[in-house]
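Build out the structure end to end from the sequences listed, making use of the hints.
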Amino acid sequence: MFGDAADAAKVKDGGTLTVALSADPDKLDPTLSRSLYSRYVFHTMCEKLYDLGPDARIVPQLATALPTIAADGLSLTIPLREGAKFADGGTLDSAAVKVSIERGLTLPASGRKSELGPIRSVETPDPKTVVIKLSKPFAPLTAALADRAGMILSPAAVSKLGANFSTAPVCVGPFKFASRVAQNSIKVVKDPLYYDAAKVHLDAIEYRIITDSSIRSANLKSGDAQVADSLSSQDAPALQKDSNMSVLQSQSLGYQGLTINVANANGVGNPLKQLDTPIAKDPRVRQALEASIDRDALVKSIFNGLNTVGCSPISPKSEFTSDAAQVCPAHDPAKAKDLLKQAGVSTPYKVSMITSNNPDSLRLAQALQAMVKEGGFDLVIKPVEYASLLDQQDRGDFELLQLGWSGRVDPDANIYNFVGTTGSQNVAGYSSPDVDKLLTDARQAKDKAQRVQLYGQVVGKLQQDDPVIYLYRQRNLTGVSKKVLGVQTYPDGVIRTAFAGFAK
Amino acid sequence: MKRYLLHRLWQSLVTLLLATIVVFLGVRALPGDPALALAGEDRDPESLRAIREQYGLDDSVLVQFWRFVSHAARGDLGVSIRTGESVSSMLKSALPVTMELSLLAIAIAGVIGVGTGVVAAVQRGRPAEWAANALALLGLSVPNFWLGLMAILYLSVALGLFPASGFVPFFSDPIGNLHHLVLPALILGTGLAAVIMRQTRSSMLDALSADYIRTAEAKGLPRRAVIGRHALRNSLIVVITIVGLQLGALISGAVVTERIFALPGFGKLTVDAVFQRDYPVIQAVVLVTATAYIVINLLVDLLYSVIDPRIRVRGES
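Those protein sequence lines, which keep their order, are chains A and B.
Everything in the first sequence is counted per numbering that gives the first Met the number 0, starting at 0 for the first residue and increasing by one.
Everything in the second sequence is counted per numbering that gives the first Met the number 0, starting at 0 for the first residue and increasing by one.
Think of the hints as simulated: they come from the structure by calculation, not from any bench.
Treat each hint with caution, since some may be false.
Unchecked claim - To spell it out: a stretch of chain A is covered by chain B in this simulated footprint if at least three of its residues, at any positions, have a beta carbon under 8 Å from a beta carbon of chain B; those stretches are: (1) 202-213; (2) 220-229.
To be verified - Computed cross-link-like contacts, BS3-like style, restricted to lysine-lysine with a CA-CA straight-line distance of at most 30 Å: (3) A:K280 to A:K334; (4) A:K316 to A:K198; (5) A:K84 to A:K135; (6) B:K91 to A:K159; (7) A:K97 to A:K198; (8) A:K186 to B:K218; (9) A:K186 to A:K97; (10) A:K272 to A:K112; (11) B:K91 to A:K189.
Just so we're clear, the structure is a prediction, and the values are computed from it rather than from any experiment.
Here a beta-carbon is modelled for each residue, glycine too, at the ideal position from N, C-alpha and C.
If you want it as structure tokens, here you go:
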């Protein structure tokens with residue numbers, strides 16, 4: 000369910016929209032930013048070469064068409080929109096695109112380098128055309144250009160501010176940066192130079208950071224905020240009943256799951272070393288754990304049915320899905336016990352799990368604990384705070400880990416880094432030459448059908464080896480006051496507020 | 000006097016240095032480093048390395064400490080690892096909010112605490128004293144976060160009397176500023192009000208039984224004048240001392256209150272910086288807070304020694 004785009008006849012011009020955000024965005028620099036929350040803010044002030052439609056398909060934004068890819072897959076030609084201006088008055092042209100992409104490739108601490116892949120050079124045959132040359136075919140590039148890697152920065156601002164661009168970011172967008180109070184709020188105001196300014200109704204948007212989810216929904220109810228992100232599945236039902244509110248839901252492209260430490264004994268990035276425990280050594284034990292989990296019950300009892308069951312890294316919303324990618328191992332505690340017996344493990348088999356210490360994660364952990372007992376597991380819960388959780392997972396200091404991934408449009412970004420042998424987030428320490436080959440082939444495949452088929456095979460292989468047990472897909476729940484029209488949530492998790500307005 | 004002053008200054012400097020060292024090491028002993036917290040789910044080894052390098056996080060703790068202290072001595076507190084903003088400017092915007100909140104909380108707590116305290120003392124043994132005592136007990140035992148949540152739910156959401164969050168600076172809109180701050184200040188002041196009430200009550204009781212009160216009453220002064228001009232005035236000296244001692248509790252209380260009401264103050268800055276392992280911000284916050292504490296203590300001690308020469312003599316001996 001998506002919100003309706005603001006109908007110009009129904010909204011009035013003017014007003015400041017207050018959006019309650021669940022976390023403070025990090026640097027307001029598309030090259031350096033790493034949090035989902037900065038993407039909310041970028042959405043109103045930094046347009047990209049490509050964007051995502053409500054159906055998770057890629058559509059042109061600052062480009063005018065999807066890239067033309069050469070027969071050898073080594074060059075992409077992107078036509079640019081004419082007449083677009085940066086908030087500082089500069090003109091958007093191919094030179095600006097070149098500056099932005101090269102900055103993503105070269106700036107130390109750039110978060111975009113790996114997303115941009117094997118780019119060899121960026122060429123500018125004329126002001127309206129950009130040609131990207133690759134050293135290897137790289138199918139996920141277009142999707143990357145529909146995210147921060149495709150945001151085009153004002154070259155004037157880049158040369159003036161350098162690495163401090165985040166203190167006064169300048170891009171092309173319906174709004175421009177106005178001010179930021181650390182840990183508290185970010186304000187953007189309408190940009191009169193925006194090429195489609197007639198569609199912009201609001202004068203300003205203020206993002207106010209309110210980390211506690213119940214206080215976020217209280218602010219929504221009191222009218223101090225009109226939009227609130229990441230509602231808890233506990234607060235959402237009450238808001239859904241409130242006649243002044245609506246709750247927008249969008250299914251994420253990511254997943255929540257259990258990662259099993261197979262061979263991450265030395266920390267991620269270091270040589271793998273098989274752990275000497277039954278669950279690490281024997282895939283049957285991991286399959287048993289998966290068989291003892293009742294995903295349906297989990298989603299219904301813990302999340303009020305607001306999330307959906309997920310058994311693979313590929314969302315059914317993705318255009319790369321297939322029947323093979325959506326196969327779901329059945330809940331079968333008897334089979335679980337049987338598998339444990341075959342593996343020669345004495346039951347109850349004790350295994351400890353680290354998880355985030357927020358209320359939703361803890362409830363999930365407790366439900367899992369009760370469930371897997373039936374399959375012969377004794378699950379010990381070890382709650383830790385988020386920064387420590389990241390630390391422990393990278394050091395390989397865990398047996399079992401409950402965490403999720405917010406998801407990207409291209410399936411490669413949801414799989415390769417996590418289960419590829421050299422994946423930067425392969426915290427399971429999983430290594431399978433078959434999976435590596437399938438993933439590399441999918442990266443370099445030229446047509447979609449081929450990729451769909453390859454990803455189906457990857458899922459089959461992953462469900463045999465079970466380095467990650469995929470559990471469910473989160474739905475992004477956004478509370479919106481009925482006084483505001485035109486707020487939308489998309490599968491990339493970003494709340495669209497740029498073309499919203501207050502109802503007449 | 001001069002020797003006493005020098006002695007106290009020296010003590011203060013040592014305290015400050017110790018506080019800085021403890022925090023510097025403490026923060027680094029926490030699991031998870033800023034690069035990881037910053038990168039979150041989007042992390043890859045190369046950019047983690049680049050972040051660590053950029054902020055000197057791969058240097059030894061000694062090198063990092065020296066860099067921090069030497070830069071701080073020149074007034075440079077560095078930049079936030081998370082947002083890239085200058086820490087000084089973050090402090091400059093957070094400090095006035097917390098100061099205003101605390102002052103308002105003290106004022107509210109003072110009025111409520113002294114008022115109920117006087118009533119409790121004067122109405123000793125009557126229902127009014129019971130009511131005042133019960134109120135004080137409640138103020139002391141109910142945690143701020145719960146009180147804050149309830150206040151938001153009932154006063155902001157249900158009745159719409161106060162905004163649930165946000166802040167406007169005093170100079171741009173004084174009335175809006177007070178409107179935003181009254182509720183958080185009231186919540187923050189509850190504990191202090193209870194302490195003040197109890198102190199006022201017991202000092203008033205002492206005073207009321209003192210000889211000079213009997214003298215005043217014997218002179219035929221009206222009761223209001225006896226209580227207000229004689230008893231209360233003398234009792235307040237102790238009360239003010241207590242308020243000074245409670246300032247620390249107020250600062251830690253502000254951490255919770257600011258978070259609940261999303262006020263851009265020092266408390267919120269501190270907690271969020273800890274969660275994000277934003278070392279430069281945590282260090283700067285502690286440095287400034289410790290300095291404030293030390294300066295306040297120093298001033299209070301100096302004032303005492305001006306008022307009461309016995310203290311000065313003891314300090315010198």
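For K186 of chain A and K97 of chain A, compute the direct alpha-carbon distance and say whether it is at most 30 Å. holds (28 Å)
Holds or violated: are the alpha carbons of K84 of chain A and K135 of chain A at most 30 Å from each other? Roughly 33 Å between the alpha carbons, so the hint for K84 of chain A and K135 of chain A is violated.
Check of the stretch 220-229 of chain A against chain B for coverage (Cβ-Cβ below 8 Å, three residues minimum): The restraint on the stretch 220-229 of chain A holds, since 5 of its residues have a Cβ under 8 Å from chain B and three suffice.
Holds or violated: K91 of chain B and K159 of chain A, Cα atoms, limit 30 Å. With Cα atoms ~25 Å apart, K91 of chain B and K159 of chain A stay inside 30 Å; holds.
Per-stretch coverage check for the stretch 202-213 of chain A, three Cβ contacts closer than 8 Å to chain B: holds (count 6)
Does K198 of chain A sit within 30 Å of K97 of chain A, going by the straight-line distance between their CA atoms? Satisfied, since the Cα-Cα distance of roughly 28 Å is no more than 30 Å.
Hey, K272 of chain A versus K112 of chain A, does the alpha-carbon distance stay inside 30 Å? It holds: about 28 Å lies between the C-alpha atoms, which stays within 30 Å.
Can you confirm whether the C-alpha distance between K280 of chain A and K334 of chain A stays at or below 30 Å? holds (19 Å)
Need the status of pair K316 of chain A, K198 of chain A: alpha-carbon distance at most 30 Å? holds (29 Å)
For K91 of chain B and K189 of chain A, compute the direct alpha-carbon distance and say whether it is at most 30 Å. Given that 30 Å is the threshold and the Cα spacing comes to 27 Å, the pair holds.
Taken at face value, is the distance from the CA of K218 of chain B to the CA of K186 of chain A at most 30 Å? Not OK: K186 of chain A and K218 of chain B at ~66 Å, beyond 30 Å, violated.
Comparing the model with each earlier hint shows violations of hints 5, 8; every other hint is respected.
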